[in-house]
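Enquirer: Note that the protein sequences, when read in sequence, are chains A and B. Each residue of the first sequence is one higher than the last, beginning at 1 in my numbering. Each residue of the second sequence is one higher than the last, beginning at 1 in my numbering.
To be clear, the hints were calculated from the coordinates, so they are not data collected in a lab. Glycine is no exception: its CB is placed at the ideal position from the N, C-alpha and C atoms. Watch out, some of these pointers could steer you wrong.
[Said to hold, decoys possible] If you want the footprint, here are the derived chain B segments under chain A, 3+ residues with CB under 8 Å:
no., segment
1, 69-76
2, 142-154
3, 160-170
[To be verified] Pair ranges (Cβ atoms, derived):
no., chain 1, residue 1, chain 2, residue 2, range
4, B, A140, A, H9, 12 to 22 Å
5, B, I111, A, F32, 21 to 31 Å
6, A, L45, B, G35, 58 to 68 Å
7, A, R43, B, I25, 19 to 29 Å
8, B, P174, A, K33, 30 to 40 Å
9, A, A28, B, A140, 38 to 48 Å
10, B, Q143, A, I6, 51 to 61 Å
11, B, Q34, A, V18, 33 to 43 Å
12, B, I111, A, R43, 25 to 35 Å
13, A, S36, B, G35, 40 to 50 Å
14, B, M144, A, R4, 27 to 37 Å
15, A, H46, B, I25, 16 to 26 Å
16, A, S36, B, R70, 50 to 60 Å
[Claimed, not checked] Taking beta-carbon pairs under 10 Å as the criterion, some of the chain B residues facing chain A (in silico):
no., residue
17, I25
18, D116
19, D188
20, T190
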Amino acid sequence: MDERSILDHQFVVAAYTVTWVIQLGYLAWLGFKWRSEKRNAERRLHNSR
Amino acid sequence: MKKLALGLFPVITVLLMVWGYHQAIYVAPDDALQGYIFRIIYYHVPSASVAFLFFAISLIGSIGYLAFRRSNPARALAADAWALAGAEVGVVFCTVVLTTGPLWGRRAWGIWWTWDARLTTTLVLWLIYVSYLLLRRFAAGPQMQTLAAVLGIFGALDVPIVYMSNRWWRTQHPAPVFGGDADSGMKDPTMVHALLWNMLAWFCWGMLVLFLRYHVERRHQQYAAQEAEEALAGAD
Numbered sequence: 001m002d003e004r005s006i007l008d009h010q011f012v013v014a015a016y017t018v019t020w021v022i023q024l025g026y027l028a029w030l031g032f033k034w035r036s037e038k039r040n041a042e043r044r045l046h047n048s049r
Numbered sequence: 001m002k003k004l005a006l007g008l009f010p011v012i013t014v015l016l017m018v019w020g021y022h023q024a025i026y027v028a029p030d031d032a033l034q035g036y037i038f039r040i041i042y043y044h045v046p047s048a049s050v051a052f053l054f055f056a057i058s059l060i061g062s063i064g065y066l067a068f069r070r071s072n073p074a075r076a077l078a079a080d081a082w083a084l085a086g087a088e089v090g091v092v093f094c095t096v097v098l099t100t101g102p103l104w105g106r107r108a109w110g111i112w113w114t115w116d117a118r119l120t121t122t123l124v125l126w127l128i129y130v131s132y133l134l135l136r137r138f139a140a141g142p143q144m145q146t147l148a149a150v151l152g153i154f155g156a157l158d159v160p161i162v163y164m165s166n167r168w169w170r171t172q173h174p175a176p177v178f179g180g181d182a183d184s185g186m187k188d189p190t191m192v193h194a195l196l197w198n199m200l201a202w203f204c205w206g207m208l209v210l211f212l213r214y215h216v217e218r219r220h221q222q223y224a225a226q227e228a229e230e231a232l233a234g235a236d
C-alpha cells in the first residue's frame, strides 16, 4: 500500500467511526432520558399512594 | 403482533446496517477518480437524505401544532412531540454530514472547509435547528412551543435551498448523486446498490431513534401535565 492509500483508508475509518460515535452517543443519551422519565413517573405514583 | 413487529424492527435495522457496511467496504469498487476515499459517500449522502426527511417531519409537526393548538390541544401536543423529535434526530444526522464532509473534503480537495453555497447553507440549516433545540431547552412559558413551531417552519425553508444549492450556484461540492444532469451521479450499478442499501439502513435506524425520541417526549408531556394538575389542585 502506498502512502495515499493508507491515508485514504485512515480517513474512511475516521468518518465511519465519527458517524457511529455520534449516533450511538445520541442513542445512549436518549436511553438515559427515557430512564429518568420512567423514574419520575414511578416517584409520582409512589408519592400519590 | 404489534409487539413482534416492534421487536423485529431493531433486529432488521441492525442487519441492514451490517449489510450496508459490507456493501460499502467490500462490494462497491473504488471510484475511478477519487479511489478508496469515495466510500465516505455511503455514510455521508444517506445521513444528509435522512436529515432532510426528519426536518420535513419537524415541519409537519410544527404546522400541526399551530393548526391544532386552540381547537384540539391533545393533538397539538402530539404534533409538537413529532416536531421536536424530527428536529433533534435531524440535527444528529446533520452533525454526521458536517463531520464526514470535511474528512472527505480534506482528502479530495486538500481542504477541510470552504464557504461554498452547499456547505454554507448546510451549516446554516444546522445552526437554525440547534437554535430551535436551545429555544426549547431554555425558554419557558406558554409561548415557547408556538415560538419553536414558527422557528421550525422557517428552518425547514432552508432545506430546499440546501438541496438546490449545487444546481443554482457553482460550488466546490460535487454535483448531486440523484436528480442531477447527465454527467453527474454514479455510473457503476454496484455503487448505486451500495448507496441505496445504506440509505435504507440509515432510514430504518433514523426511524427507530425518531420513535424512541417521540415516546420520551410524550412521557415528559404527560409528566408535566400531571405536575401542573397537582400544582393547581394544591393551590385550590
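Enquirer: Can you let me know if the beta-carbon spacing of I111(B) and R43(A) is within 25 to 35 Å?
Expert: About 53 Å separates the Cβ atoms of I111(B) and R43(A), which means 25 to 35 Å is violated.
Enquirer: Using the Cβ atoms, figure out if S36(A) sits within 40 to 50 Å of G35(B).
Expert: Since the Cβ atoms of S36(A) and G35(B) sit about 46 Å apart, the hinted range of 40 to 50 Å holds.
Enquirer: Verify the coverage statement for the segment 160-170 of chain B against chain A, using a C-beta to C-beta distance below 8 Å and requiring 3 or more qualifying residues.
Expert: violated (count 0)
Enquirer: State, for the Cβ atoms of I111(B) and F32(A), whether the hinted interval 21 to 31 Å holds or is violated.
Expert: violated, 37 Å
Enquirer: Does the beta carbon distance between M144(B) and R4(A) stay inside 27 to 37 Å, or does it fall outside?
Expert: violated, 52 Å
Enquirer: When the nearest CB of chain A is found for I25(B), is that gap smaller than 10 Å?
Expert: For I25(B), the interface hint holds, since the closest Cβ of chain A sits about 8 Å away, which is under 10 Å.
Enquirer: That 51 to 61 Å hint for Q143(B) and I6(A) (C-beta), does it hold up?
Expert: holds, 55 Å
Enquirer: Are there three or more residues in the segment 142-154 of chain B whose C-beta lies within less than 8 Å of some C-beta in chain A?
Expert: violated (count 0)
Enquirer: Are there three or more residues in the segment 69-76 of chain B whose C-beta lies closer than 8 Å to some C-beta of chain A?
Expert: violated (count 0)
Enquirer: Would you say the C-beta atoms of P174(B) and K33(A) sit inside 30 to 40 Å of each other?
Expert: Since the Cβ atoms of P174(B) and K33(A) sit about 37 Å apart, the hinted range of 30 to 40 Å holds.
Enquirer: Could you check the hint for me, namely that R43(A) and I25(B) are 19 to 29 Å apart, CB to CB?
Expert: violated, 47 Å
Enquirer: Could one say that the CB atoms of L45(A) and G35(B) fall in the range 58 to 68 Å?
Expert: holds, 59 Å
The structure fails to meet hints 1, 2, 3, 4, 5, 7, 9, 11, 12, 14, 15, 16, 18, 19, 20 from the earlier list, while all remaining hints are met.
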